[in-house]
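Visitor: Read off the chains here:
There are 2 protein chains.
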Amino acid sequence: MTINFCSNCGGPMEQRIPEADDHIRSVCKHCGFIHYLNPKTVVGTIPEYKDKILLCRRNIEPQKGKWTLPAGYLENGESVQDGAARETLEETLANVKIIEPYRMFNIVHVNQIYVMFRATLPSPEFGPTKESMDVRLFHEKDIPWENIAFKVIKETLRNYYCDKKKGIYPFKVGDIHRHS
Amino acid sequence: MTINFCSNCGGPMEQRIPEADDHIRSVCKHCGFIHYLNPKTVVGTIPEYKDKILLCRRNIEPQKGKWTLPAGYLENGESVQDGAARETLEETLANVKIIEPYRMFNIVHVNQIYVMFRATLPSPEFGPTKESMDVRLFHEKDIPWENIAFKVIKETLRNYYCDKKKGIYPFKVGDIHRHS
Ligand SMILES: [Zn+2]
Ligand SMILES: [Zn+2]
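Going line by line, the protein sequences match chains A and B.
The numbering of the first sequence is the UniProt record's numbering, which starts it at 1 and goes up by one.
The numbering of the second sequence is the UniProt record's numbering, which starts it at 1 and goes up by one.
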């Protein structure tokens, strides 16, 4: 994202280190307004129903047609738990109950932080939405590993099934690299 | 933060719900660019040295003169752990080693997410900086509870000493409300 004009006064921008700062920022030449760019948080869930989990098949780019866990950008005015539940509802029509935080991932090369929660589906009610062409419950043996949309989701699922065998789900922070 | 002008083309903005969205956004009337506003992540540490922890006394507003744990905004291009260690170095001159994530807090009314890590100080090397007029190691009995800068830091410290008595530090997500 390039900042060409000041969102405060519409003036031209320059790249420099502001006083009492140590990072290069976009600063307005006219009014001095500093435009900070910070990582965005993506929140999502692993919705559990009995011994299955809910996946959704993307109806939008990128990765249209691939399967994923419900997740999306945290919005102003909501908690991480509320955001994760909202994204799950928007993408699967399922009203989940958040259990606990499960994984955080740094995706430094795209300036994203993922926070994934374990969640329960009180009843098997869900369905396709504008964002998801298909929504289904999967047993571990049926997970479409070759058709998972994003590396961070594949890693979350791998971690989840590994922990499921042990019956404990400790919270951890991981990293997703561009090539790995 | 109000967006008066488009950062892409400098054109005038309007507040409306974009197509295929369900939130009101700042949208450019001229080029259609959508300006998203998302919560910012603050990362910090509880730096441990033997049975003490490191606090810094703020040299800048807000809450100048009050004590706090080292913490600040996560920057693009760094992991949450690296950001927490960087902020600790900037505010206390201490080079900590991150142990593990300890607390996440939603501060919904200011659109912030805090992520606080337990960390160790390999040696008692630290000192004042531009941001901290004083930096000191504290025993629990000496913590200046009446002079802690922010509610989120007081809550982190309370949680920490409660867990310390039990000798386990489970990761949890909490909420900080405006009045409580
Ligand atoms: Zn300006
Ligand atoms: Zn524009």
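Rather than coming from a laboratory, the hints here were simulated on the basis of the structure.
Built from N, CA and C at the ideal position, the CB exists for glycine as well.
You may find that some hints are simply not true.
[Claimed, not checked] From chain B, some residues computed to sit far from chain A (all C-beta separations above 12 Å):
(1) 10
(2) 86
(3) 144
(4) 150
[What the hints assert, rightly or not] Capping the alpha-carbon separation at 30 Å, the derived lysine-lysine pairs in BS3-like fashion look like this:
(5) 130(B) / 166(B)
(6) 40(B) / 29(A)
(7) 40(B) / 64(A)
(8) 151(A) / 29(A)
(9) 141(B) / 151(A)
(10) 151(B) / 40(A)
(11) 166(A) / 166(B)
(12) 64(B) / 172(A)
(13) 52(B) / 164(A)
(14) 97(B) / 151(A)
(15) 166(B) / 52(B)
(16) 130(A) / 29(A)
Visitor: Could you run down the list of hints and mark each one as holding or not?
Guide: Hint-by-hint comparison with the structure:
no., hint, result
1, 10, "4 Å, violated"
2, 86, "10 Å, violated"
3, 144, "26 Å, holds"
4, 150, "18 Å, holds"
5, 130(B) / 166(B), "37 Å, violated"
6, 40(B) / 29(A), "25 Å, holds"
7, 40(B) / 64(A), "29 Å, holds"
8, 151(A) / 29(A), "40 Å, violated"
9, 141(B) / 151(A), "47 Å, violated"
10, 151(B) / 40(A), "24 Å, holds"
11, 166(A) / 166(B), "24 Å, holds"
12, 64(B) / 172(A), "34 Å, violated"
13, 52(B) / 164(A), "37 Å, violated"
14, 97(B) / 151(A), "28 Å, holds"
15, 166(B) / 52(B), "17 Å, holds"
16, 130(A) / 29(A), "43 Å, violated"
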